[in-house]
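Visitor: Below are the chains, spelled out letter by letter.
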Amino acid sequence: MDLKTFKIGGVHPPENKLSAGAPIEAAALPKRAFIHLGQHLGAPAKPIVQKGDKVRVGTLIGAGEGFISAAVHSSVSGTVFAIDAVVDASGYKRPAVIIDVEGDEWEPTIDRSPELKKDISLDKKAIVDRLKEAGIVGLGGATFPAHVKYMVPEGKKVDTLIINAVECEPYLTSDHRVMLERADEVLVGTRILMTALGVERAVIGIEANKPDAIEILSRKAKDHPGITVQALKVQYPQGAEKQLIKAILNREVPSGKLPLDVGCVVNNVGTTVAVYEAVQKNKPLFERIVTLTGKKLPRKANFLVRVGTPITQLIDACGGAPEGTAKFINGGPMMGKAMVNTDIPVTKGTSGVILVDEADARRNAPGACIRCAKCVAACPMGLEPYLIEKQAEYALWEDAEKEDAADCMECGCCQFTCPAARPLLDNIRLAKTTVMRIRRERSKK
Amino acid sequence: MILYPVIMLGAVAGIAAILLFLTAKKFHVEEDPRIDKVAELLPGANCGGCGYPGCRGLAEAIVKAADKGDIGGLSCPPGGSTAMKAIGEVLGMAVAESEPMVAVLRCGGTHEKAPRTLKYDGAPKCVIAHTVFAGEKGCPNGCLGLGDCVTVCAFGAMYMDEKTGLPVIDPAKCVACGACVKACPRKIIEMRPKGRKERRVWVNCVNTEKGAAAMKYCKAACIGCGKCVKECPEKVQAITLQNNLAYIDPKKCIACGKCVLVCPTKAILATFEPPKPKPVEAKPAEAAPATPA
Amino acid sequence: MSNTIVSLSPHAKGPLSTEKVMWGVVIALMPSFAFSAYFFGIRAIVVTLVATIACILTEFLIQKYLMKTTVTAFDGSAAITGILLAFNVPSSIPIWQMVLGSVFAIAIGKMVFGGLGRNPFNPALLGRAFMLASFPVDMTTWPIPVKTQWLWEMGKTVDGTTAATPLGFFKEGVKMNASMGDLVAQRPELYDYFNLFIGNVGGCIGEVSAFAILLGGIYLLYKKIITWHIPVFYLGGLALITGIFWWMEPAKYADPLFHLFAGGAMLGAWFMATDMVTSPMTVKGQILFAVCGGLLCGLIRLFGAFPEGCSYSILIMNAFVPLIDKYIKPTRFGKEVNYG
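Protein sequence lines, in the order shown, are assigned to chains A, B and C. Throughout the first sequence, residue numbering follows my numbering, covering 1 to 445 in sequence. Throughout the second sequence, residue numbering follows my numbering, covering 1001 to 1293 in sequence. Throughout the third sequence, residue numbering follows my numbering, covering 2001 to 2340 in sequence.
In silico DSSO-like links for lysine-lysine, alpha-carbon gap of 30 angstroms or less: (1) B:1235 - B:1197; (2) C:2326 - A:257; (3) C:2223 - A:7; (4) C:2329 - A:390; (5) A:257 - C:2335; (6) A:445 - B:1068; (7) C:2329 - A:257; (8) C:2284 - C:2223.
Which chain A residues stay away from chain B? Per the calculated CB distances, all over 12 angstroms, these: (9) 56; (10) 113; (11) 116; (12) 152; (13) 257; (14) 282.
These aren't lab readings, by the way, just hints derived from the structure by calculation. Given the structure is predicted, the values throughout are model-derived calculations rather than measurements. Note that beta-carbon positions come from the ideal geometry of N, C-alpha and C, so glycine has one too.
Just chain A, with the same shape it has in the complex (with noise of 0.2 angstroms):
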């Protein structure tokens, strides 16, 4: 296998793969669902229900609001119960749509038949308005509105999309497996976003230790023209979409620009899924598959869930919470969300759900900093972490500005490799929000 990568900076955590081999199963549905309005990046949509309204599985229930927005369907047949205030994974509330669940009865338009379809009907526009009714966001975990990505400015030359299956986060399986049980699907909707954007060229990107999902999706690729499989080496973060471009295509893009300014367009490999789904079975996205992984978890499961439904349902669904369990993931051990509780529900951009016993989920007590520069050699983006954290403490923000705080992505291989045990991603973090901040108020004037 030929082994790609991206140069700069990266660490290895234990991969953990634990869920690999649970096959796909549908989740059982919720008695109430909590289907939050803002499951996406950008305005959270406008609900256009209320308290009282019958639902059903892919009614329209939240439109999307301003040019980056998404709409959102009900997972669930129903009554609405209220338009409440629910905690999300950001450990605050935020406003959600709660549904009390009745049945399964699914709007006549979505097309149930497990055929898969082939043929590509629609052309460019038709694609990309069609993603736009069924909000669809890309799955990968930063819920980006799909649409708007494949919107090309006037001027921008695009040559490739590439698809991002690489998985790099430990544990997370989601996509693993997706690849696995629903490869044509993948081919046909990779094929969508090509039409939609206008290339002949489309990549998938796939880390090398997922041997059995290269296999399978090269094999099958054969029959779609202009899709090929990269293998990439397993180094994280491979997924991390500025370095998944430089490893396939050998692009940097720019500090502050997209992917479009170096001619490609990135997704991740479920909205693929998705996208078939949308624009071949007119089906709107709900559900999406959730990886159910901890290492004292009774039972690993990669589930298909509906969205809204409370987290707590799927680790009862796993054997409970084993004793001892300290911390809830939301997404993956280096990038997501430790949950206040598991009363959360699921939403558009969870990936997985990761149960933490206390001994793992308690930090080590920091220490000074020996200056050892492991951080800067990890840092993807070519930054001096221990820096920028320093800069945070005294507060030396046009400092923190210069040495491009603002670019970090918060990937977490600063910390992670730190001997010291140092909260540096926290502070860089909080530099980066002040510099953005500052940034913002200094164009306004």
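Following the hints, position chains B and C against chain A.
Guide: Positioned in the frame of chain A, the structure of chains B and C alone reads:
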């Protein structure tokens, strides 16, 4: 033998002294002598509460303004009226009396009233914890207890009370420079007038959630019931209710203390014991003063 | 759920800790320790242990009673300073001088600046400089190692007689206008590459055996505690400058291979210059630091007042590290648009 080194070093020292003297004279910057006089009258703590870079910066600004004829807008919070009056005399200008202010903490979420249901394990800064979650107590507006305010106080007027988990402000030491107000990511500390004879009343909560939701995690929360609004004497009307939160306007408040007694969650505090009403039933005066012993 | 922990990402913990790094360096110094015991006997072991204990004790006492902060004296960094300081002195050094040097190294070389991670100069080298300035005779008198057949007699030194070190002997000789050829003929064992490599020459406790140091260095590389850049470029710089002069006038100067193995160059390159706290934070900076250090070392050896220049070259470069870190930045991602 030792004479030679002594003479040599003495000569070097002498030449250096002459050089320094000449350089100081040549590069001397002429400064308005009034700036020095004004700077002497200022506390010299360089706290930045006036908005200028250090006491010297304020002194320059005052002298500049004095030449324009009005030093009204400039004031030194720590120096207070005494300093400004003295400065006014030196410059021969009139200075308006400014109301002495003090920083007031507006959160009653002690360990007892708002038990911690979560454990925060990150960098111990409030600004960082604020971005992670609502807080160990669960209240999205409540004090995070990590002491950014205490760290930034340059006058030693604050300390963290381990028993309650909340910071304590010593009104005797507080000079109202405003650093703690800026440092708090949740805007829990407010600058309020000290009040006549140190009598002041305030709502000890900034939570804007509905009463039932707030009570779930804090027994001392303001539930927005409005009893205080009704109790405030008609001629005064100092209390307003907005977003499920009561607010006492310090400009209107006469510090009678009636609202303190009617608050069902004891969310209103005062620096004095409000007079009990005449009727037989003696309510225990539980408006605990916020001043530490 | 009262024990649920909440914090920001990353939630994964890396494999390293400060203790692992520090004690890893101590392990890497063990081959040299063993070889020094073989060549210089019990005295070498005693001196090393005294230095190590004195350093740890000094740091402990200062942290606990003077600074009143958390005690980190047992994390291994003081131990490294003690061992390295002992490796830089002759094994015949009086014990009280060793103790004084250790106290100085920790108290003035490290604690005065705020403790671990805050000192600009390598504490062991600072201690050595202090000892050399304060006790010049004891610091430049080396015992002769005795080659014995019996293992239990190994490493005895002959009392009362002193040895010349290779560097010292040749420098003095050339100053007296003897040619290199004659000097080598006089004392061939001081120019024998094998002797120099193995350590069978006079010198400070830890600097003689290049082989033992190399073993330790390879261990450090394997454990990823250091990277190869500083040692290779330091020795490269040294070899370069000594090589140039040797090539121009071989009668007056020794060849570069001699310079690499003789004296404290190997110890300096692998253990002193690579000290994390006092070396630059970027690879480019480290290369510059190491090359300049090697050149300086060579210059002092060839033209300076001392026969050995390694410790001073590193101390001088330590002073430049903040400047290097200020201006040499790592390559940022995406600074140049590259269309592959």
